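Peer 1: Line by line, the protein sequences are chains A and B.
The opening residue of the first sequence carries number 1 in our numbering; numbering runs sequentially from there.
The opening residue of the second sequence carries number 1001 in our numbering; numbering runs sequentially from there.
Bear in mind the hints are in silico, worked out from the structure with no lab data behind them.
Be careful, since some hints might not be right.
With the Cβ distance kept under 7 Å, some of the chain B side facing chain A (calculated, not the full set) [unchecked claim]:
1. Leu-1066
2. Ala-1091
3. Thr-1098
4. Leu-1110
5. Val-1279
6. Arg-1338
7. Leu-1342
8. Gln-1438
9. Ala-1442
10. Ser-1446
11. Asp-1448
12. Glu-1449
13. Pro-1450
14. Ala-1453
15. Ala-1548
16. Gln-1577
Below 35 Å or equal to it, Euclidean Cα-Cα: the simulated DSBU-like pairs (lysine-lysine) are [stated by the list, open to error]:
17. Lys-1648(B) - Lys-207(A)
18. Lys-180(A) - Lys-1334(B)
19. Lys-199(A) - Lys-271(A)
20. Lys-170(A) - Lys-1609(B)
Please read all numbers here as calculations on a predicted model, not as lab measurements.
We treat Cβ as the ideally placed atom computed from N, Cα and C, and that holds for glycine.
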Amino acid sequence: MHLTRRRILGGAGALVALPALAFARPRHAPSRPLAEAPPRRLLVYFLPNGRVPANWAPPESGPEFSFPPALAPFAALKADLICLKGLVHTSALMSTGTGDHALGTGTILNCWPYPDGALHGEISMDQALVKALAPPTRFPSLQWGAGEPMACDFGAACAYTQSISWAGEKQPLAPVINPKTAFDQLFAGADEGATEAEKAKRKASLKSVLDYVQEDAASLQIELGADDRRKLDEYFTAVRELEKRLDGPPAGACEPGPAPAGALDYPSRVKAFNDLIALAFRCDQSRVITFMIENGLSSRSHPFIGAPGGHHGLTHGAGVDAPGQLLKLETWQAQQAADLATTLKSLQEPDGSFVLDNTAMLVLTDMGDGGPHDHTSLNQLIVGRCGGALATGQSIACNGLPLGDMHVSLLRAFGVDTMSFGIDGTAPLPGVNAG
Amino acid sequence: MPRAPIDRLLVAALLASAGCYQGAARSSGSDTDASSDASASASASAGDSDGSGGDAPPSAVAPEPLHRLNRLEYNNTVRDLLGVTLRPADAFPPDNATEGFDNLAEGLTLTPSQMDLYALAARELAEAALTIVPRLAAHVGARAHAEASGQAGTAFDWGWSMPRGGGGALNFTIEASADEAITASILAGGDALGVPTPEMGLVVDGVEVGHWIVSATPVEPAVYSVALPLAAGAHTFAITFPNGYDQPAENIYNSLVVGYLDVESEATVTPPGRTMIYVCDPDAAADPALCYRTIVTRLAQRAWRRPLADADADALSELWSGLAAGEGPEEALKLTLRAILLSSRFLYRPSLPGVAGEDTPPGLVPLDDYTLASRLSYFLWSSMPDDELFDAAAAGLLRDDDQLRAQVQRMLADPRADGLRAGFASQWLSTRHLALHQPDPATFPSFDEPLRAAMIEESERLFVDFLGNGRPIGEMMRPDFGYLNDRLAEHYGAAPPGSSELVRVDLGDDDRRGLMLLGAWQTATSASNRTSPVLRGRWILEQLLCIAMPAPPPDVPPLMPPAEGATIREVLEEHRQNPTCAGCHDLLDPAGLGMEGYDGVGVRRELEKGLPVDESGAIPDGLAFNGADELAALLAEDPRFVECLADKLFTYGLGRGPMAGDGAHRLALHDALAEAPASLDQLIEMIVLSPAFRTRSEGEE
């Protein structure tokens, strides 16, 4: 039996309120405050294959809590973070599509179930934020990842394990996986040594090129069927974004430094992306970034830290001392996220605060315990105060509250006046939002 | 507002039971909706009597979705369109594969990030295709070069300050591949306090070829140039400071700062793309603007793979002339090329309807000739049509079966048919996955990059051989030949062919040979430090038999930590004790366990953990075998294998997943294959001639 989306929603109607996907305008636009307050930024740092609960969730709740082994790298950031324990990933449970990893990863940021392995999807929290705030940066959002495409989950489109950001239905935002390419995306296009007049002329020329391709696509659209016309809408959106970038990368004040090398080994690639994320924030190229340290279902082996077993196999207990290897791996991934948070904490804003103070960094994992593919008790981490909107320095037992509520909390921290998100978010999580 | 946590029982009640493959008999029913088409095709071997014709009306072909070029198609298309060797799409994000292939329309969405990369690629491509460059060109920044090579002197803001007091030299090596007449240019500036103005020499292979008094200052440096002949070979270029002077006590000194050395030959290279693009010479034309109109129209016609309507040609010419007013004609052409490459008509492949002929089945419309030409070229070449195919489309020849067959044979014999290897074979035989797989060096110290490359080539060349060797597809399982080099032979324990390149070798019954024994898929489906019978079983079922396996159910119990010395077979046996797991693993595990005679990097082994390897296995429905050779023999005779390959090529060739209406066409293909064994090229011909490939349904609005 195949459940269509409508049937899922019909069946679920008694359980949870349907989300309103159109967001109200923010109550206050962070980009134009009275005083020059620094912008708020969202960073989603995704870690696949779940986490061993005993190593990832502090046993205590409240302001006094300890750091279990894999979370130890975050200990120095205790005052800057919130541990969220025991969230239910409702959309993974409610999907009738295939592949527990595809379900976990593919719906972790949009909380929207899918009925089968074909391409479905819905707008993810980061993109909902972009839509609501319309950040004035050259890149409204960026998606990066350090994983390479490997085997995808049983019967599921690869997008479900390779993308967490979705612009909307059937619109996965595939991450750029080469740091050199990501750097070029941000900073190539500078006409070195060009005068202002030459730059203005070039900008006008490129503008006419983009005007032309849009008119041309409009004439093509007339020849196409309805489905194809919708597909071309993606094209129009993309060209309009390209237009916004015609001004070129920032000059002078934001010196990007040399581009990362094209071919890097895995740990160097993660480090290069960490540096790029900090750079993109420092240069205000984007305020919304999602980063996947690896794809869902990743089988990457980590011999450089003494964990040669494939990640996915280790979560299922395969191999010599699988729990020991898994602990090394989860600790290493936590260290990468913590290193980046520490860097953000060291970058000063014009008003004297630090970038991390104005950031919500969601360290996001796709399952509870990866071994049994647990979708019922996920442990997440939010680092940074988001301009004072988040009540950091505590561990919160969420005990069965839905994951969508966490996304509601985050959206509200950015001033988005919403009480719902995805299939299951109907209120902010208690105690997360300050004030 | 107090809220209760989600009710787990209610949620559980919503979960549909996945259900595992129950054998061919169960799913040979009459499902015709799109969502069940895939599973129906998985087991369609079971003589589906009512799907294949009779008096049922011919099924309609589903609407054809818009394709975006995937990474391979983008690289190949710009290669054939512009004559460039750049592969810009290597930097694009991975394409979203659906149904096991990354060329299916549904998965190929477009993101703003992708558009950024298209824009960067278009800029790079326009330069590479149109810019005439010196045959020899070198531009070396003095400071970075001196720092990297540890030369005497000190770093200065924009360059390198020569050693105080002179005497030193800044050395470069320049290589010329032919005899050249070159101009060497040096950016330099200097200061002098109480002593002669600094002088600078350029010494090539020990002979001073240039000598200048540098009156430019470090604040406003100038370029000093000299022309000289340069023979083919490597040369030493030394920049000297012959009158350097430094007397700190008297406060008398001079200095010389060098910015760069630039070498350019008189001889130039015209990129091949430029010749292809300049179909007329604007300098020689009576009306240069008209010539440029011809150039941009022809270019767009090839890039967009169909003739331009007059209005479209006008709009494009207007773009060029508008740009030419500000940028000049050459630069305007580059910008127009960028527009052509960013156009939706280049990035997408629409399927436009043509005109119905006499023998067109009711309800269907043939694809228009140019749509069909592109569908054919992207199937066989993963690239745009060539002139011959465009001409055939223009003349309406592709509507004729014999002409279409002739095109297929011509195109398969063309080197561009490598697209089928890179696009299809690499995904079907999992060589793409092997390219990224990381065996644990501690467990498998013999695995290295030359071995990886040899395994990939072995698999892909086996496939390519069958494109041209005319043998029945079933022989892929036990061919009397294979591809080996010394490295791979050593790994397999076979006789080395005496070559570091892979060569085709004759193989007999006792040799390792055929699809089941390819090291690439065996390794790619292994865990990093052991075999994975589950993944191997899944691969055999999905890739060779088209039996789609449902995902594991929720709440998978963990594998028990293996007892000391337990084999993976014993671990999995225990796992199957759990009835939740047994449903699917009873199918998956036996297929993979029969391959246990090959370790995690495909090496033949007789023992696992000191015990003789048990190679007993089985594939659905209940066909037992002992070891890979017996499995190969089984599959060589099993119609499901050939039908499965046919289904996969059908999906890949149409560039979309199975849809309602395809079923009858697939079954017709299966019936034809059952009648007479086909070779791989014949199968491709049958797919191309199928109405599903050549038509679309009418009025899909």
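Peer 1: Evaluate each hint against the coordinates.
Peer 2: Each hint, compared with the structure:
no., hint, result
1, Leu-1066, "holds, 4 Å"
2, Ala-1091, "holds, 4 Å"
3, Thr-1098, "holds, 5 Å"
4, Leu-1110, "holds, 4 Å"
5, Val-1279, "violated, 21 Å"
6, Arg-1338, "holds, 6 Å"
7, Leu-1342, "holds, 5 Å"
8, Gln-1438, "holds, 5 Å"
9, Ala-1442, "holds, 6 Å"
10, Ser-1446, "violated, 15 Å"
11, Asp-1448, "violated, 14 Å"
12, Glu-1449, "violated, 13 Å"
13, Pro-1450, "violated, 18 Å"
14, Ala-1453, "violated, 16 Å"
15, Ala-1548, "holds, 6 Å"
16, Gln-1577, "violated, 16 Å"
17, Lys-1648(B) - Lys-207(A), "violated, 43 Å"
18, Lys-180(A) - Lys-1334(B), "holds, 25 Å"
19, Lys-199(A) - Lys-271(A), "holds, 34 Å"
20, Lys-170(A) - Lys-1609(B), "violated, 48 Å"
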